[in-house]
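K.L.:
Listed here are the chains, written in short residue letters.
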Amino acid sequence: MRLKICHLYPDVLNLYGDNGNIICLRERLRRRGIDCELQRVPIGEKADLSNADLVFIGGGQDFEQEVLLQDLRGGKAAELRAAIEDGVCVLAICGGYQMLGAYYETHDGTRCDFIGALDLYTVGSPQRMIGNTVFQCTEECGGAELIGFENHSGKTRLGSGLKPLARVVVGHGNNGEDGFEGAHYKNVFGSYSHGPLLPKNPAFCDLLLRTALERRFGSVSLEALDDRAENAAHDAMRRRLLKS
Amino acid sequence: MRFSLRAFAAALVCRLLRFASRVLRRGGTATPGKIAVRICPTLLSVLAREVSVVAVTGTNGKTTCCRMIEEAFSEAGLPYLANRSGANLMSGITTEFVMNSTLFGRPKKQYAVIECDEAAARTVFGQLRPKVIVVNNLFRDQLDRYGEITHTLSNIREGIRSVPDALLCLNTDCSLCSSLAEDLPNRVLRFGIDTELNTVSEVPSDASHCIRCKAEYVYDYHTYAHLGGFRCPSCGYRREPADYAVTEILLMDGTHSEVRLRTPGGTEDIRVNLPAVYNLYNAVAALCACEAMGIAHAVCVQALGRFSCGFGRMEDFALGAAGAKMILVKNPAGCSQALEFLSGTQEPFALTVCLNDRGADGTDISWIWDANFELLAPMADRIRAVYVSGDRAEDMQLRLKYAGLDDTGFRLIHDQEALVDALAAEQLPIYIMPTYTAMLELRSAIVRRCGGAEFWE
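Chains as they are written, first to last, in this note's numbering: chain A, 1 to 244; chain B, 245 to 701.
Since the hints were made in silico from the structure, they are not lab data.
Don't take every hint at face value.
Ranges of calculated distance between the beta carbons of each label pair, as one might list FRET restraints [stated by the list, open to error]: (1) R111/A / L495/B: 39 to 49 angstroms; (2) E37/A / A668/B: 43 to 53 angstroms; (3) K186/A / P429/B: 25 to 35 angstroms; (4) A624/B / L241/A: 25 to 35 angstroms; (5) L494/B / R111/A: 29 to 39 angstroms; (6) R240/A / S587/B: 25 to 35 angstroms; (7) D62/A / R266/B: 23 to 33 angstroms; (8) S688/B / L241/A: 21 to 31 angstroms; (9) D625/B / R111/A: 49 to 59 angstroms; (10) F217/A / C694/B: 52 to 62 angstroms; (11) R2/A / R456/B: 55 to 65 angstroms; (12) G143/A / G695/B: 33 to 43 angstroms; (13) L241/A / H395/B: 22 to 32 angstroms.
Some chain B residues close to chain A (C-beta under 10 angstroms, calculated; not the full set) [unchecked claim]: (14) R293; (15) D388; (16) E426; (17) H453; (18) A459; (19) V462; (20) S610; (21) A615; (22) D635; (23) E638; (24) M640; (25) Y646.
Note that the structure is predicted; figures quoted are calculated from it, not measured.
A virtual CB, placed ideally from N, CA and C, is assigned to each residue, including glycine.
Build out the structure end to end from the sequences listed, making use of the hints.
P.N.:
Spelled out as structure tokens, the structure:
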């Protein structure tokens, strides 16, 4: 078995240790003896998203947003939308998550159109939502408890047909108001949680791997791994947050 | 500006609080100044008005660069004050000026070597009115506190805008720092490294696209992180030649380096009394700044050859049978360089990493995944013991596991005293990589055990 992972825009969407998600995905495949082919697609390079099994998109700075959107309009947006409709597994964090939505509106009213793959939009707010988080995934998304760190000023609203990824236990999540975090559509998982998300949340990482593998190879069973270090990091922060 | 009653009162309160905190054996480097600034917000401008100041700002290397400059001032016999312990905000800097002035606000020292936090530069520079300002570099750092890197750059730019007479010493290899010369009227001297460095670590670039036109930079050579011979193929913005440059690295070992240096006065080979390539930038920055302050070239070179930094920056302790070296790490760029330094050593060693997530460390520890800990895997056979500690020890343990080290033998010790006990029993050389607040605690614990100066001394 071989899984194709595509890391979209590692050159600019790399702000909060998100590369750790890639490290984690690859390592958990390696430990199970599953091959992994990683394609890094920076701005200006052609992606082959229809062939990818798992696409990862991280968060970035506003500074590069313009060049990024220009590149998306050059064909990648359509390709990404098609891949998503086709059931490709996607993990999108923070800026990458917002980018999948319809638009971002700054708090002074300037609107910036995004790719519209998911029925959501984001509005900038004057305060940043920063801190360690606990999110409880919905049953559909595996039901795991996610430990992470959020840092965003955008408030994301989901359209009525779109399901969230999780319920907020500690933190702000999508907007700090409705108690939900992230989005889940087909095999797309969007979240504000970096930290990075996957290393401390091995069950969620395995959910992504299983989703991607099963789409390509049919039913697979993932061998259990020694996750003591993973769980120790997860539990240490969980204890701190739920105690206070 | 006269020394108003308000300023007098503020300085007096500052002095008393500082005295009290020393009696109570606390550092007292910032709090007295914080209260004084609340009483008299312009206190610093009054106290600094007759002092010739050299200020150093930027993300990495401020403290080391300042220590180098201090050594040159000492060597030249110039009386100076300095904010020694990283108290580099308005409050800490003000405390230092109060303690070095008379009751009536007259300066006791003619010069000052001041490390200034990059976010505080915006408000500090206008009051401090430095004669020379060094901008070392800009890297992603504490994003939860500083926000985006371009925001930090604007803070520095705004600060400099209030002092058009200050001479700027800019890292010409950093496209972000170098851009300050574009729209500020100040006179500029540039420092840099003219040659490719054999660094292997990859960190995400903090400046991959042109600050002017947003096209992607092309590099003629890299030194480390985003530093090097950048040029924009679209608008022509590019690295300008350095006035002070390291042109060749002749030798680099675990204790020092020897490099060829080009200055306006000519070319020569000099010694820098600290290892690691990032310290070459600090050295050439310090040289540039000291000469701009009027110190003779020969004196500056001598200072670089024999200064010592201490305070957790490549600092040596007589801990364990073979000694310990502490290397402060704060962000991906600096941490990767520290790891690269470890790659360059030859002996088996014990590795200790202490990760805290308090305010001064940055509450977001995701940066450890951007630092190139993967460099440790090829030297796994030399790493005979791994200690992880700090508030986020479990996260550090996980990072090292995913970097390719076998985590079954890791020792996770939260308690700093217990950690120092364990390290004291080590037979091999120890390398300790702590974040800022972990460094403060661990340093105190080590100093209590085996001697050395407390941080305010």
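K.L.:
Does each hint fit the structure? Answer for all of them.
P.N.:
Hints versus structure:
1. R111/A / L495/B: 39 to 49 angstroms: violated (57 angstroms)
2. E37/A / A668/B: 43 to 53 angstroms: Check passed, 48 angstroms falls within 43 to 53 angstroms.
3. K186/A / P429/B: 25 to 35 angstroms: violated (56 angstroms)
4. A624/B / L241/A: 25 to 35 angstroms: holds (33 angstroms)
5. L494/B / R111/A: 29 to 39 angstroms: Check failed, 57 angstroms falls outside 29 to 39 angstroms.
6. R240/A / S587/B: 25 to 35 angstroms: holds (34 angstroms)
7. D62/A / R266/B: 23 to 33 angstroms: Roughly 45 angstroms apart at Cβ, these two residues miss the hinted range, so it is violated.
8. S688/B / L241/A: 21 to 31 angstroms: holds (28 angstroms)
9. D625/B / R111/A: 49 to 59 angstroms: holds (56 angstroms)
10. F217/A / C694/B: 52 to 62 angstroms: Since the Cβ atoms of F217/A and C694/B sit about 58 angstroms apart, the hinted range of 52 to 62 angstroms holds.
11. R2/A / R456/B: 55 to 65 angstroms: This hint is violated: roughly 43 angstroms between Cβ atoms.
12. G143/A / G695/B: 33 to 43 angstroms: With a Cβ separation near 55 angstroms, G143/A and G695/B fall outside 33 to 43 angstroms, so the hint is violated.
13. L241/A / H395/B: 22 to 32 angstroms: The hint (22 to 32 angstroms, Cβ to Cβ) holds, given that L241/A and H395/B are roughly 28 angstroms apart.
14. R293: violated (37 angstroms)
15. D388: holds (5 angstroms)
16. E426: Not OK, violated: E426/B not within 10 angstroms of chain A, min 16 angstroms.
17. H453: This hint holds: H453/B lies near chain A, its Cβ roughly 6 angstroms from the closest one there, short of 10 angstroms.
18. A459: Nearest chain A Cβ about 8 angstroms off; hint holds.
19. V462: Interface hint status for V462/B: violated (13 angstroms vs cutoff 10 angstroms).
20. S610: holds (3 angstroms)
21. A615: Result: holds, 9 angstroms to nearest chain A Cβ.
22. D635: It holds, given that the least Cβ distance between D635/B and chain A is near 9 angstroms, below 10 angstroms.
23. E638: Hint holds; E638/B Cβ to chain A Cβ min 4 angstroms, cut 10 angstroms.
24. M640: holds (9 angstroms)
25. Y646: holds (5 angstroms)
Violated hints, listed in ascending order, are 1, 3, 5, 7, 11, 12, 14, 16, 19; each of the other numbered hints is respected by the structure.
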